[in-house]
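Asks: Residue numbers (the working numbering), protein chains in the order written: chain A, 1 to 274; chain B, 275 to 899; chain C, 900 to 1085.
Any given hint could turn out to be false.
[What the hints assert, rightly or not] Each pair of labels, with its calculated beta carbon distance range: (1) Ala826/B with Gly246/A: 33 to 41 Å; (2) Gly542/B with Val93/A: 19 to 27 Å; (3) Ile418/B with Trp991/C: 55 to 63 Å; (4) Phe376/B with Val1012/C: 44 to 52 Å; (5) Val840/B with Thr972/C: 53 to 61 Å; (6) Gly542/B with Trp991/C: 49 to 57 Å; (7) Arg1048/C with Gln846/B: 53 to 61 Å; (8) Gly81/A with Pro849/B: 14 to 22 Å; (9) Val1012/C with Lys129/A: 43 to 51 Å.
Hint data in this document are derived by calculation from the structure and do not stem from the laboratory. Values in this document were obtained by computation on a predicted structure and should not be read as measured data. Ideal Cβ positions, reconstructed from N, Cα and C, are used throughout, including at glycine.
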Amino acid sequence: MANMVLFGVLWIVISLLGEWGVTAWINSAPNGTGPYFGSFSNLGIIGAGAFDFLLWVAVPIFVFVVLMLVFAMIRFRVKKGETPDEAKNQSRVNKTFIGIWVVASILVNILIWLHPNASGLEQVFAAQKVTAKQHPLIVDVTARQWEWIFSYPQYGISQAVNSQGDDVLYLPVNRPVKFVLQSFDPFHTYDYQVDVIHSFWIPGFGVKQDVVPGETRTLVLTPTQITSTEKNPMVRVQCAEDCGPGHPYMEANVHVVSASAFAQWAKAQAAGGS
Amino acid sequence: MAQRASVEVKTSTPVAPDRRMMPPVLRALLFAAIGFVVLDALTVLLDYSPQSPYLSQTGAVAGWFGALVGWLLGIGGYEHIIKPMLGFDDPGYKQVGWRRFFQLADDHKVIGVQYLVFSTGTFLIAGLVAMAMRFQLMSWQPTIFQYPQSYLNAVGIHGTLMMFTVATVAMFGGLGNYMVPLMIGAKETVFSKASGIGVWLVPVGVLTVAFSPLLGAWTTGWRGYEPLAASDGVGMLYYYLGVFALTLSSLIVALNLVTTILFKRTKGLTWNRLPLFVWGILTVSLLTVIWFPEIQTTFLLALTDKMAMLNMFNGLGHALGFSEFFWLFGHPEVYIVVVPALAMWNEIIPVFTRKSLFARPMAVLGLVFVMMLSGMVWAHHMFTNMRYSEMLPFSFFTEMISIPTGFAYLAAIGTIWNSRMRLTTPMLLVLMSMFNFLIGGLTGLFVADVPANLQLHNTFFVVGHFHFTIIGGMVFSWMAAMYYWLPKFSGRTYNEFWGKFGAIWVFVAFNATFLNFFILGLHGMNRWVSAYPKYLQPENFWTSIAAFFLGAGFGINLIHIVWAWVKGPKVQENPWQAKTLEWQTSSPPPRYNFEELPVVVAGFYNYGEGAPEPVIVAKQAGTQA
Amino acid sequence: MAIQKTRGEMEDMRAIRTGFGIFLASLSVMLVTLVAARYLTAGSTVGPYSQWLGAITTLFMLISGFAARSARTAIVRGNNQAMQSRLGLGFWFGVLTVAAVLLQWILLNNQGVPVTLPAAEVYYVLTGIWMLLAVVSGFVLYASKARGRRIGGYTVDNHWDVDAATYFWTWTAMGWIVLYIVLYFI
Chain A
1 MANMVLFGVL
11 WIVISLLGEW
21 GVTAWINSAP
31 NGTGPYFGSF
41 SNLGIIGAGA
51 FDFLLWVAVP
61 IFVFVVLMLV
71 FAMIRFRVKK
81 GETPDEAKNQ
91 SRVNKTFIGI
101 WVVASILVNI
111 LIWLHPNASG
121 LEQVFAAQKV
131 TAKQHPLIVD
141 VTARQWEWIF
151 SYPQYGISQA
161 VNSQGDDVLY
171 LPVNRPVKFV
181 LQSFDPFHTY
191 DYQVDVIHSF
201 WIPGFGVKQD
211 VVPGETRTLV
221 LTPTQITSTE
231 KNPMVRVQCA
241 EDCGPGHPYM
251 EANVHVVSAS
261 AFAQWAKAQA
271 AGGS
Chain B
275 MAQRASVEVK
285 TSTPVAPDRR
295 MMPPVLRALL
305 FAAIGFVVLD
315 ALTVLLDYSP
325 QSPYLSQTGA
335 VAGWFGALVG
345 WLLGIGGYEH
355 IIKPMLGFDD
365 PGYKQVGWRR
375 FFQLADDHKV
385 IGVQYLVFST
395 GTFLIAGLVA
405 MAMRFQLMSW
415 QPTIFQYPQS
425 YLNAVGIHGT
435 LMMFTVATVA
445 MFGGLGNYMV
455 PLMIGAKETV
465 FSKASGIGVW
475 LVPVGVLTVA
485 FSPLLGAWTT
495 GWRGYEPLAA
505 SDGVGMLYYY
515 LGVFALTLSS
525 LIVALNLVTT
535 ILFKRTKGLT
545 WNRLPLFVWG
555 ILTVSLLTVI
565 WFPEIQTTFL
575 LALTDKMAML
585 NMFNGLGHAL
595 GFSEFFWLFG
605 HPEVYIVVVP
615 ALAMWNEIIP
625 VFTRKSLFAR
635 PMAVLGLVFV
645 MMLSGMVWAH
655 HMFTNMRYSE
665 MLPFSFFTEM
675 ISIPTGFAYL
685 AAIGTIWNSR
695 MRLTTPMLLV
705 LMSMFNFLIG
715 GLTGLFVADV
725 PANLQLHNTF
735 FVVGHFHFTI
745 IGGMVFSWMA
755 AMYYWLPKFS
765 GRTYNEFWGK
775 FGAIWVFVAF
785 NATFLNFFIL
795 GLHGMNRWVS
805 AYPKYLQPEN
815 FWTSIAAFFL
825 GAGFGINLIH
835 IVWAWVKGPK
845 VQENPWQAKT
855 LEWQTSSPPP
865 RYNFEELPVV
875 VAGFYNYGEG
885 APEPVIVAKQ
895 AGTQA
Chain C
900 MAIQKTRGEM
910 EDMRAIRTGF
920 GIFLASLSVM
930 LVTLVAARYL
940 TAGSTVGPYS
950 QWLGAITTLF
960 MLISGFAARS
970 ARTAIVRGNN
980 QAMQSRLGLG
990 FWFGVLTVAA
1000 VLLQWILLNN
1010 QGVPVTLPAA
1020 EVYYVLTGIW
1030 MLLAVVSGFV
1040 LYASKARGRR
1050 IGGYTVDNHW
1060 DVDAATYFWT
1070 WTAMGWIVLY
1080 IVLYFI
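My request is simple: use the sequences and hints to build the entire structure.
Replies: Dropping the structure here:
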């Protein structure tokens, strides 16, 4: 009984300390996105919320088990000089403990399936249903081995490049962007349809979507901060599905800019003759 | 087929004069070379043109099958399988001295040791590959891997070998073959001949995968993902074939052990009394029997797809088809790896805590439910490319599988509470394994959450997650089992100081390495890259340093175990006062395990004053031959 | 030579039989995977296969399968002679079946059907893997016959080798019939 009380008190105290530490970690980053880092888009904020919530859920579970292991090693160990006898308590069943364990593990799992998962997914799905009234920017993304090609049909830009001739992605802040994702090779000499699975990932935006040859997929998100690859290297397009030898280098720079700066850039790109 | 032949041989221990011309392994290599050349030549002859190269893709595949058959015949399949099938006498097995490990065997203990040696050797090879990978990742630019494809090929070889030769084989083929018949009180396994030939498929598979880059680098990682595989280097073919051999070996283990457990249990060993490790092996065997033919077929399909340049799995066919087939097998595979480890915890804990196993039915149910659910969670590997409507059900089943997995913890925690724990090396390693697997499981919560998964998928966060489950869960338990059963294998034991030293070393280095992976992943480090943005270098550098310490730690443990096996101090028969049946015979056990088959009269996990003794040796049991 | 079997031997026999059953059940997973691959790749399109040749192939396979089954029946009744000849019949009709499938391959090729036509792909792949299995189980069938001759015949009490071989061959025959229905009709 004394062990149980001691263990219970320690568990509660350490868990509270843990929760305090985790909260401090989460709040250490701007806008409370903590250790998730990729929260520069509306979808990233949903993921960051889920991540933070799960951290809070995981702390007491982690503390319970680890404390139990350490506690047992200290309290229940046969110390030097003691006779190594059999344990006195030989209970093989404890219905209360088993009952609480089973019910708690079912409840925790249903909770986290419902709350950060299903509720977060609802928000993700809702964000995908973008209407014309929101004036989404449409970006056609073509993945080929090994290059990202961005074109802006609304602005007459067939391949956006920067001054060095590298592919670049410019996005206006706070405006929904609809990425239309396809994997094929427009420059292939005889078999343009054959390409491989890539994954369109912007780590800073906290989301990725696979680009599958033979299919057209879309991803709608809204960048929420003005930033760029130069300012934060997490904000870059990076291929996240192994696509062959060039995979590590399949990346492109991203610039999230104000609406007026975007309009200016688009004009210059379209006039650039591309 | 010729099963009875071996039963007859049993009575007369063969001391036949050695008429063999050369050692079996050499003969096997020679036959394999002949088989390769003959079948490859056939492919050239069948489709002859003056321009045809001597070694085409088809030739390499056909030649491989020729080499496989030649190897198996040469190692002893000719005398022991083919000729008896055709009605000739089996010459009998000469199982004496160290030579017995280098030929075909029908003693499950020899086979178990063969499996253990093969997987330990492969663990070293694949571990050295991992060291090379970590060395590369110390810098953000190419260093020892000049080209990304050579790095990616190393990743593929590391993953494939670790998965199909170490994680799947060590506890299942190795410890399972050695211990299961002992633990159920059987004299031998049912299909001991098939089992003996199956183990020799492992070196074939390992060498095929390890030398596959000679045909051309492949870059898909251990999954062999289509459509990339189709346009990848020709070495891809040998990835498929190597894995085919390895899975075939495990499939034979599964068929053999499942039948043995069903039929060869000694008198009184009811399902209620069956040891937990045996339950673990039984569930794993059933998973293997169901899912391994599935992946073998898929690999044959992919092999043909690549060899004949079909369009089954590319943009013109069904590009995601291979991934679906692969993960349908891939997730049960994870549980094939981990379930024996979970069972092992609760095998070891009661022995060292001197306390009856808590909630034994729950521990067993946990293993069985994990087995049943494991086929329903696979698509969580594909959240980034599945339909939205599939996300909710698959995330649901994924969350739910943590409940039966938790039952292993329930039993373990209930047992160590109020116990009298002897903190020996195996016990310490079990506690460490519980700690590591807990981190693996809790990070699983994050990865199973779909919105967060869309960020974490294919980053180092996931790499950290599965290394915590597989190294942390399976490899630590494997080490615990090796220290625990050392007195059984050899009658010798390890040094307690060096055992604990090795355990703590590996534990610290392991956590220092792989905890970093989570942070790296969150910082935007993706998988399968030999070069990465510069801002990730400092963290990667320190991760690599820790990884080198981890590699050295495994080396220390390996040297210690080998030393103890060969030269360690001798111990009495049952040094841990364990109650399961494998301890009721001499160490190492005689050829047919038990002089008299033991009779079980109570469960094995009862401790304390007046606990019933589980075993009586049946002197009067005259019905057994 | 009738051998009285001990209880232990009977138990061993039961274990071997069940284990063999599990093996065949496990192999059936291959068939399921192949059928799934057929629909994933080619939908339910039926390719330009010769329906006549398909029917003849299946007829051969049926004859072969039933011959093997009746070989087992013969030895259960102790008729070693009939068993030998029926095993031979089963084996040679099995060879004919494989030859007929290969003929269909050649026909497809000569009709100029592109190899990468989905319906052609699935035909080559599914029947190819089936033939791989048929070669193995055909060898087992042949071996049981050869073994019977060498050990001086099977008896009522000693015919597990024939049982195993014919079960395996029956499984192969049923596998063909599944593939026949799946490839030629639905």
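Asks: Determine for every hint whether it applies to the structure shown.
Replies: Hint check results:
1. Between Ala826/B and Gly246/A the beta carbon distance is about 34 Å. The supplied range of 33 to 41 Å therefore holds.
2. Checked against the given bound of 19 to 27 Å, the beta carbons of Gly542/B and Val93/A, roughly 23 Å apart, stay inside it.
3. Checked against the given bound of 55 to 63 Å, the beta carbons of Ile418/B and Trp991/C, roughly 59 Å apart, stay inside it.
4. Between Phe376/B and Val1012/C the Cβ separation comes to about 51 Å, which falls inside the hinted range of 44 to 52 Å.
5. The beta-carbon spacing between Val840/B and Thr972/C, approximately 57 Å, falls within the hinted interval of 53 to 61 Å.
6. In this structure the hint that Gly542/B and Trp991/C lie 49 to 57 Å apart at CB holds, the actual value being about 51 Å.
7. A hinted range of 53 to 61 Å for the beta carbons of Arg1048/C and Gln846/B is consistent with their spacing of about 55 Å.
8. At about 21 Å, the beta-carbon gap between Gly81/A and Pro849/B stays in the expected band of 14 to 22 Å.
9. Our hint of 43 to 51 Å for Val1012/C and Lys129/A holds, since their Cβ atoms are close to 45 Å apart.
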